[in-house]
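Undergrad: What follows is the residue order along each chain.
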Amino acid sequence: MTVQVLGANMDYAAIVVLFCIGLYVVVAKSNLIKKLIGLNIMETAVFAFIVTAGMVEGGDAPILGPDAHAPFASPISHALVLTGIVVAVSTTALALAIILRIHREYGTLEVDELRQMDG
Amino acid sequence: MRERLAGALAVAMALPMLAVVTVLPRVGSPDAPVHTHVASRYLARGPAEGGAENLVTAVLLNYRGLDTFGEVVVIFTALAAAMAVLLAMGGQNDPSSRSPGANAHGTRADGSPAHGKPAHGEPMDEPPPASVPPSPVVTFIVRLVAPFIAMFGLWVIVTGHRTPGGGLQGAAILAAMFILVAMVLGTASARSLLPGRSLPWLQAAGPLAFFGVGLLGAVLTGFALGYPVDPALHLLRELMLVGVEVGIGVGGALIFASLFLALESP
Numbered sequence: 001m002t003v004q005v006l007g008a009n010m011d012y013a014a015i016v017v018l019f020c021i022g023l024y025v026v027v028a029k030s031n032l033i034k035k036l037i038g039l040n041i042m043e044t045a046v047f048a049f050i051v052t053a054g055m056v057e058g059g060d061a062p063i064l065g066p067d068a069h070a071p072f073a074s075p076i077s078h079a080l081v082l083t084g085i086v087v088a089v090s091t092t093a094l095a096l097a098i099i100l101r102i103h104r105e106y107g108t109l110e111v112d113e114l115r116q117m118d119g
Numbered sequence: 120m121r122e123r124l125a126g127a128l129a130v131a132m133a134l135p136m137l138a139v140v141t142v143l144p145r146v147g148s149p150d151a152p153v154h155t156h157v158a159s160r161y162l163a164r165g166p167a168e169g170g171a172e173n174l175v176t177a178v179l180l181n182y183r184g185l186d187t188f189g190e191v192v193v194i195f196t197a198l199a200a201a202m203a204v205l206l207a208m209g210g211q212n213d214p215s216s217r218s219p220g221a222n223a224h225g226t227r228a229d230g231s232p233a234h235g236k237p238a239h240g241e242p243m244d245e246p247p248p249a250s251v252p253p254s255p256v257v258t259f260i261v262r263l264v265a266p267f268i269a270m271f272g273l274w275v276i277v278t279g280h281r282t283p284g285g286g287l288q289g290a291a292i293l294a295a296m297f298i299l300v301a302m303v304l305g306t307a308s309a310r311s312l313l314p315g316r317s318l319p320w321l322q323a324a325g326p327l328a329f330f331g332v333g334l335l336g337a338v339l340t341g342f343a344l345g346y347p348v349d350p351a352l353h354l355l356r357e358l359m360l361v362g363v364e365v366g367i368g369v370g371g372a373l374i375f376a377s378l379f380l381a382l383e384s385p
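Those protein sequence lines, which keep their order, are chains A and B. Number 119 marks the last residue of the first sequence (the working numbering); no jumps. Number 385 marks the last residue of the second sequence (the working numbering); no jumps.
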């Protein structure tokens, strides 16, 4: 029963798996760049989730015009994801700048080694 | 050890989320709440109220213009913060500050063998070559296509209210062109693409365009970021939308390009 429902919402289930892969990378890896990549995987999963939620069966892009035909996908989820992508780019850029600085100052990106240097 | 804990955490997070997935509306079902609330109104009246056939643009710039204003301020702030973090790096060439950097390739610090050729088994004292000249074919192709990529980016920005696209999508295309040029033709020739003295103002073009158009809307309609719905002012509204798009596009492209230059090792 549960498996059947999961199969119907296979898209969401795949997104959950992707999100958890990103979570695993963030927690398991000690390299800061790899942690950042994991964070980006998690963000991608969230964007995919929002866009998937806005999709409609047989839907078209929500761009009206002479040859557009209903039904249309929800424009709100697209707009929200666009905003989210920009914020993700901003956080990634700032994180990369901080990581670059850490590498310059300490010569390593491994969290374990950085922790030993502390103190 | 940490891998196992992380795996357990990931599974522990996945199970409740999968349980929620089973009670979500079916993917693509037309009567899901996401389609029955404001979305149906946007679809019915978007072009008349929002002034854009591309309803995503109508939502971004008109219905939820304040959100987008905030987003534009966020990327500008990210640029400022990244520059501050990187420029505050005094004495980066000071050898004493790099003393722990004997293993400059920090990713290999766990002692795993450097994969690859035996020639790299030598100590890492010798720096990698500063730059490998790209093949003439690559250089020629990049020189050939760069203007067309730029033109496509501008087209995506300017027609974003009618066709798929918009300010940030065009900004991403322009920034990709810039990064391509920087990687193939060198940072110097990419830097020459950027405006000189007006760069800081143009980096702020997104917030500035939003502010200007929002002020104009306040004068015309009484609401900040309002757009006139009067059919007689149809052209003005379109110009306001395109103005915001151009501000976001040009400002975004320059911010992405500047972030790339700032992150590139000096």
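Keep in mind the hints are simulated off the structure, nothing from the lab. Wrong hints could be hidden among the right ones.
Claimed, not checked - Now the in silico label distances, taken between C-beta atoms and shown as ranges:
| # | chain 1 | residue 1 | chain 2 | residue 2 | range |
| --- | --- | --- | --- | --- | --- |
| 1 | A | Ala8 | B | Pro266 | 46 to 52 angstroms |
| 2 | A | Ala70 | B | Gly189 | 27 to 33 angstroms |
| 3 | B | Leu134 | A | Gly84 | 21 to 27 angstroms |
| 4 | A | Gly84 | B | Arg316 | 31 to 37 angstroms |
| 5 | A | Gly65 | B | Ala295 | 25 to 31 angstroms |
Stated by the list, open to error - Chain B side only, calculated, beta carbon under 7 angstroms to chain A, not exhaustive:
| # | residue |
| --- | --- |
| 6 | Ala131 |
| 7 | Met132 |
| 8 | Ala133 |
| 9 | Val140 |
| 10 | Leu143 |
| 11 | Pro149 |
| 12 | Val153 |
| 13 | Val175 |
| 14 | Val178 |
| 15 | Leu185 |
| 16 | Ala200 |
| 17 | Leu205 |
| 18 | Leu206 |
| 19 | Pro347 |
| 20 | Glu383 |
As the list claims (entries may be wrong) - Quick look at which bits of chain B chain A covers, simulated, 3 or more residues with Cβ under 8 angstroms:
| # | region |
| --- | --- |
| 21 | 120-129 |
| 22 | 161-174 |
| 23 | 252-262 |
| 24 | 374-382 |
Note that beta-carbon positions come from the ideal geometry of N, C-alpha and C, so glycine has one too.
Undergrad: Now tell me, hint by hint, if it's right for this structure.
TA: Now for the hints, and whether the structure bears them out:
A C-beta distance of roughly 49 angstroms is found between A:Ala8 and B:Pro266, which places it inside the suggested range of 46 to 52 angstroms. In this structure, A:Ala70 and B:Gly189 meet the distance hint of 27 to 33 angstroms, their C-beta atoms being roughly 32 angstroms apart. For the pair B:Leu134 and A:Gly84, the beta carbons lie near 25 angstroms from each other, so the given range of 21 to 27 angstroms is met. A C-beta distance of roughly 34 angstroms is found between A:Gly84 and B:Arg316, which places it inside the suggested range of 31 to 37 angstroms.
In this structure the supplied range 25 to 31 angstroms holds for A:Gly65 paired with B:Ala295, their Cβ-Cβ distance being about 27 angstroms. Because the smallest distance between the Cβ of B:Ala131 and any Cβ of chain A comes to about 9 angstroms, over 7 angstroms, the interface hint for this residue is violated. A distance limit of 7 angstroms between C-beta atoms decides the matter here; for B:Met132 the minimum to chain A is near 6 angstroms, and the interface restraint holds. About 4 angstroms separates the beta-carbon of B:Ala133 from the nearest beta-carbon of chain A, less than 7 angstroms, and the hint is met.
Taken as an interface hint, B:Val140 checks out: its beta carbon lies about 4 angstroms from the nearest beta carbon of chain A, inside 7 angstroms. A cut of 7 angstroms between beta carbons decides the hint on B:Leu143: the least distance to chain A is about 6 angstroms, and the hint holds. Taking 7 angstroms as the C-beta cut-off, the interface hint given for B:Pro149 holds, the closest approach to chain A being about 5 angstroms. The closest approach between the C-beta of B:Val153 and any C-beta of chain A is roughly 5 angstroms, which is under the 7 angstroms cut-off, so the hint is satisfied.
Residue-level restraint check for B:Val175 holds (minimum Cβ-Cβ distance to chain A is 5 angstroms; threshold 7 angstroms). Given hint, B:Val178 at the interface with chain A, holds; its Cβ is 4 angstroms from that chain's nearest Cβ, closer than 7 angstroms. A cut of 7 angstroms between beta carbons decides the hint on B:Leu185: the least distance to chain A is about 11 angstroms, and the hint is violated. Because the smallest distance between the Cβ of B:Ala200 and any Cβ of chain A comes to about 5 angstroms, under 7 angstroms, the interface hint for this residue holds.
For the restraint placing B:Leu205 at the interface with chain A, the shortest Cβ-Cβ distance is roughly 5 angstroms, inside the 7 angstroms limit, so the hint holds. A cut of 7 angstroms between beta carbons decides the hint on B:Leu206: the least distance to chain A is about 10 angstroms, and the hint is violated. Annotation: B:Pro347 was flagged as interfacial toward chain A, and the flag is violated, the nearest CB pair being 20 angstroms apart, outside 7 angstroms. Nearest Cβ of chain A to the Cβ of B:Glu383: about 10 angstroms, over the 7 angstroms cut. The hint is violated.
Look at the region 120-129 of chain B against chain A: 7 of its residues bring a Cβ nearer than 8 angstroms to a Cβ of that chain, three or more, so the hint holds. With 7 residues having a beta carbon nearer than 8 angstroms to a beta carbon of chain A, the region 161-174 of chain B meets the requirement of three or more and the stated coverage holds. Check on the region 252-262 of chain B: 0 of its residues sit with their Cβ under 8 angstroms from a Cβ of chain A, so the three-residue criterion for coverage is violated. Check on the region 374-382 of chain B: 4 of its residues sit with their Cβ under 8 angstroms from a Cβ of chain A, so the three-residue criterion for coverage holds.
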